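Start counting the sequence shown at 1; every next residue gets the next number (UniProt numbering).
Everything labelled a hint here was simulated from the structure, so no lab data went into it.
Among these hints, one or two may not hold up.
To be verified - If you anchor each label on the Cβ, the simulated ranges turn out as follows:
| # | residue 1 | residue 2 | range |
| --- | --- | --- | --- |
| 1 | T305 | F37 | 48 to 58 Å |
| 2 | Q7 | T181 | 33 to 43 Å |
| 3 | V46 | L255 | 37 to 47 Å |
| 4 | T299 | P9 | 45 to 55 Å |
| 5 | P55 | Q184 | 45 to 55 Å |
| 6 | T305 | E42 | 47 to 57 Å |
Remember, it's a predicted structure, so these values are computed and weren't measured experimentally.
Note that the Cβ used here is the ideal one computed from N, Cα and C, for glycine as well.
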Amino acid sequence: MALRRRQPPVLSHEFVLQNHADLAACVGMFFVLGLLFERTAEASFVFLTLQHGVPAPAEAPPPRARYRYGARDLATVFFYSLVAVLVHATLQEYVLDRVARRLQLPRARQGRFHEAGQLGAFYLVSCVWGAAVLLAEGCLAEPARLWRAPPATMTFRTKLFYVAQLAYWCHAVPELYFQRTRPQDLPRQLVYIGLHLFHIAGAYLLYLHHLGLLLLTMHYVVELLTHVRHLVHLGDGRPPRGAALWAVAFILGRLGTLVVSVLTVGLHLAGGQARNLDAATGDVSVLAAKIAVLLSSCTIQAYVTWDLCSAQLQRWLEGDTTLQAPAAKKKRVKGRSSRKGAENGVVAPSRLDAPHQRKDRSP
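Use the sequences and the hints to build the structure in full.
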């Protein structure tokens, strides 16, 4: 008879770690069930649907649904963060864990494999979604939309994209606890999450949604290639191939991001006359906003590029150390054998070949 696994106490530390997806589903269902009752339906709509809609004039071209940002967006971001927790747990349990077991990955590689798989899936969906929104908004057919005066409203698809992005990166903070991230990895992960939240929220609050969409899509393409490379390396256990090609794509992606940022700031933000900053109408054509947008974009690209260079330099140094260690060991063994077997150019007989000398005993 098989022994039952002992369940941890309810609401204990181990219980929350094992059942965090179920707890998130229960909280989400609480808001969904609120739609069934008249008194709570209005409050539930705040969490489930996009808020701060603006009535569009009848002569406005489609799509006519327009939105602004506001305090009620925090409730929507919170609900979709719960959805992100569910998707994260489902992907890990039914896809990544099964692939890791089939590949027979050691425990040391499973954490990195799960991280690369989760981020790779998110970047793939975000790249396709962002490109579709850019195409629907006409930014690819008419690039001048990037440096024109930003509209004071957003379309439904644009706001939904930004809400989903904010929800995903907000859910990544508690996932560090749920996934039992090592303390030494927490600073790097928190900086990585914080930079994404800062820039996505900045583009959302300043109504630079077209520029933010393009920059995010370019950034996610490079990150997708990076995590696909990590997945291939962790799966077969061999040294990563195509390192030079990946480095070229990485640098080109960062340079493209910088070029787009500088051109947009130069042609739009620096092109108009200085006006008073009015975040409610999306007017950011002032010197402070110009400097903030440009410095923010340059800083993040410089940080990511420096992180790549330092990591690559560390790998080279570790590779040189591992190559020098066997050579030094071989040289040391060779020197011992020469001293033991030969002396002044004369080869000494071995212990087995040398005749046994019998000592004469004195009477």
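Comparing the hints with the structure gives:
One distance hint, 48 to 58 Å for the beta-carbon pair T305 and F37, holds here, with the actual separation near 53 Å. For Q7 paired with T181, a C-beta distance near 24 Å fails the hint of 33 to 43 Å. One distance hint, 37 to 47 Å for the beta-carbon pair V46 and L255, holds here, with the actual separation near 42 Å. Our hint of 45 to 55 Å for T299 and P9 holds, since their Cβ atoms are close to 46 Å apart.
Between P55 and Q184 the C-beta distance comes to about 52 Å, which sits within the given range of 45 to 55 Å. A hinted range of 47 to 57 Å for the beta carbons of T305 and E42 is consistent with their spacing of about 48 Å.
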